[in-house]
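Engineer: Those protein sequences? They're chains U and D, same order as listed.
Just so you know, we're using the working numbering here: the first sequence kicks off at 1 and counts up by one.
Just so you know, we're using the working numbering here: the second sequence kicks off at 1 and counts up by one.
No lab work stands behind these hints: they were computed from the structure.
Among the hints, erroneous ones may be present.
[Unchecked claim] Simulated restraints, written as ranges between beta carbons of each label pair:
#1 U:G70 to D:D72: 53 to 63 Å
#2 D:D359 to U:T16: 26 to 36 Å
#3 D:G29 to U:G47: 30 to 40 Å
From the three backbone atoms N, C-alpha and C, an ideal C-beta is built for every residue, glycine too.
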Amino acid sequence: MPQYLLSLCSPGADATPPSPEALEAIMGEINALNDDIKAAGGWVFAGGLHDASTATTLRLQDGEVLTTDGPFAEGKEHIGGISVVEASDLDVALGWGRELARITGLPIEVRPFQDEY
Amino acid sequence: MPAVAASEIERVFRNEHGRAVAVLIRVFGDVDVAEDAVQDAFLEAVRRWPAAGLPPSPTGWIITTARNRAIDRLRREASREDRHAQAVLLCDDGVEPDDEEEEGTVQDDQLRLMFTCCHPALAKGAQVALTLRLLGGLTTTEIARAFVVPEPTMAQRLVRAKAKIRAARIPYRVPEEEDLPARLGAVLAVVYLVFNEGYAASGGDRLVREELCAEAIRLGRLLHELLPDEPEVLGVLALMLLVESRRAARTTSGGDLVLLADQDRGRWDRELVAEGHALVRRCLARNEPGPYQLQAAIQAVHSDAPAAALTEWTQILELYDQLLALVPTPVVALNRAVAVAEVQGPEAALALVDDLALDHSHRRDAIRADLLRRLDRRAEAAQAYQAAIVRAENQAERDFLLRRRALCDGKAVIRGVRMRGPAPP
Chain U
1 MPQYLLSLCS
11 PGADATPPSP
21 EALEAIMGEI
31 NALNDDIKAA
41 GGWVFAGGLH
51 DASTATTLRL
61 QDGEVLTTDG
71 PFAEGKEHIG
81 GISVVEASDL
91 DVALGWGREL
101 ARITGLPIEV
111 RPFQDEY
Chain D
1 MPAVAASEIE
11 RVFRNEHGRA
21 VAVLIRVFGD
31 VDVAEDAVQD
41 AFLEAVRRWP
51 AAGLPPSPTG
61 WIITTARNRA
71 IDRLRREASR
81 EDRHAQAVLL
91 CDDGVEPDDE
101 EEEGTVQDDQ
111 LRLMFTCCHP
121 ALAKGAQVAL
131 TLRLLGGLTT
141 TEIARAFVVP
151 EPTMAQRLVR
161 AKAKIRAARI
171 PYRVPEEEDL
181 PARLGAVLAV
191 VYLVFNEGYA
201 ASGGDRLVRE
211 ELCAEAIRLG
221 RLLHELLPDE
231 PEVLGVLALM
241 LLVESRRAAR
251 TTSGGDLVLL
261 ADQDRGRWDR
271 ELVAEGHALV
281 RRCLARNEPG
291 PYQLQAAIQA
301 VHSDAPAAAL
311 TEWTQILELY
321 DQLLALVPTP
331 VVALNRAVAV
341 AEVQGPEAAL
351 ALVDDLALDH
361 SHRRDAIRAD
371 LLRRLDRRAE
381 AAQAYQAAIV
391 RAENQAERDF
401 LLRRRALCDG
411 KAVIRGVRMR
421 GPAPP
């Protein structure tokens with residue numbers, strides 16, 4: 001069964017964080033969605049990430065692996081969380097992604113994994 | 001059997017391309033395999049038809065031959081350890097090219113293909129290119145020429161779109177009832193965009209553009225056949241037929257644009273008008289108005305008028321009121337203002353046009369200019385024409401606006417002679 005990566009774009013440092021009550025409501029809806037995905041047999045993995053500032057990047061340079069503070073992407077948009085699902089086709093994955101976008105208000109990127117070798 | 005000319009073989013394949021590719025995509029689960037197979041069948045037809053004559057059912061012949069060639073090709077490639085080809089062959093091991101496809105299944109396949117080509121996960125430009133390539137059977141060269149992009153760019157666009165369909169598994173399926181309205185909207189948008197691109201002529205080869213209109217209408221007819229109960233399908237087809245009916249009257253022999261009000265209505269294609277009107281009447285009977293149906297109804301009122309002066313503008317304004325309620329965009333509001341000018345006078349229309357949040361629109365400038373001209377505010381009108389001329393995208397339209405501006409200046413216009421003022425960009 002094909003697998004898809006659903007990436008949540010993180011709200012960014014400038015965004016006002018939701019109130020604890022609002023956050024709790026969002027988490028409740030996300031858990032309910034995950035239960036739906038599990039019930040449909042599409043669940044593989046899901047998790048939220050700490051802020052991009054907590055990332056460490058390793059990069060091979062002149063035969064040596066350098067360690068630097070921060071994410072590898074230069075832009076302002078970073079991945080805030082991911083979900084890996086199994087779906088028979090893109091429409092099924094987009095359906096779950098759409099629900100995630102509606103719940104979180106964040107852009108969701110849906111991207112297919114390459115076939116297993 | 002009579003000999004078959006090469007041009008006839010090409011014509012048959014162009015007509016049958018969408019049906020054949022649609023069936024073969026279902027059988028083999030891959031767009032490229034299907035396209036290559038139809039191309040193989042074409043080469044086979046070029047070899048055999050001139051001597052053997054046209055087969056009794058060209059559709060059946062093409063599909064069966066293409067399927068055989070595809071299976072041969074996949075077996076060859078499988079032996080070359082092509083993983084992908086093996087997978088395809090595995091899942092279709094049971095498929096044998098014996099009996100002909102049922103007509104109903106072929107139609108369903110074409111509908112599936114339309115929804116795949118117009119899937120919202122593909123960019124609009126890719127949707128249009130894929131639809132023209134796969135369903136219309138247009139070559140990449142023709143599509144590139146029609147949209148005035150370099151051929152490698154168009155080829156790349158098609159390759160990327162097909163790669164995404166395969167990698168992301170965009171389904172080959174008619175959407176569920178609940179998703180149908182939105183997904184059908186995307187299909188209709190592509191069909192109408194193809195038509196407009198052919199009609200509005202922002203550049204490019206004229207013959208190819210006429211072919212785009214013909215292809216859009218063909219797709220519209222096909223959709224109408226496949227989804228006879230969808231009122232917006234009736235609407236988009238009626239709209240295209242009514243606009244197309246005026247093609248001959250829309251330009252002079254010299255290629256100059258002629259406004260609807262100045263067109264020789266005797267040159268309108270009466271058959272297309274009658275067909276469009278019949279569809280509009282069916283829409284009215286359905287009473288489920290949508291944007292395309294309302295636009296078609298507006299065009300039908302125009303077509304009904306034996307002369308421009310006899311146009312039922314009150315009816316048109318009512319239809320625009322409905323359209324604006326459904327589609328509250330500045331573009332619709334601008335078109336509505338034209339009807340307001342006829343019913344309530346240019347002053348009322350000018351107030352509406354001035355209020356619109358439509359920047360950089362040469363149509364708004366042109367309509368403003370026309371309203372100012374009718375109010376005899378000549379200097380302002382000339383200014384507005386100038387703004388429209390600077391922004392107009394195609395030469396025919398620019399020439400038209402230049403002639404109009406010259407009228408405000410009180411200067412006669414001689415064809416082919418550039419008027420004073422800055423040359424068009």
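Engineer: State for each hint whether it applies.
Structural biologist: Against the structure, the hints come out as follows:
Taking 53 to 63 Å as the suggested C-beta distance range, the pair G70 of chain U and D72 of chain D conforms, at roughly 55 Å. About 32 Å separates the C-beta atoms of D359 of chain D and T16 of chain U, a value consistent with the hinted range of 26 to 36 Å. The hint said 30 to 40 Å for the Cβ distance between G29 of chain D and G47 of chain U, and at roughly 33 Å that hint holds.
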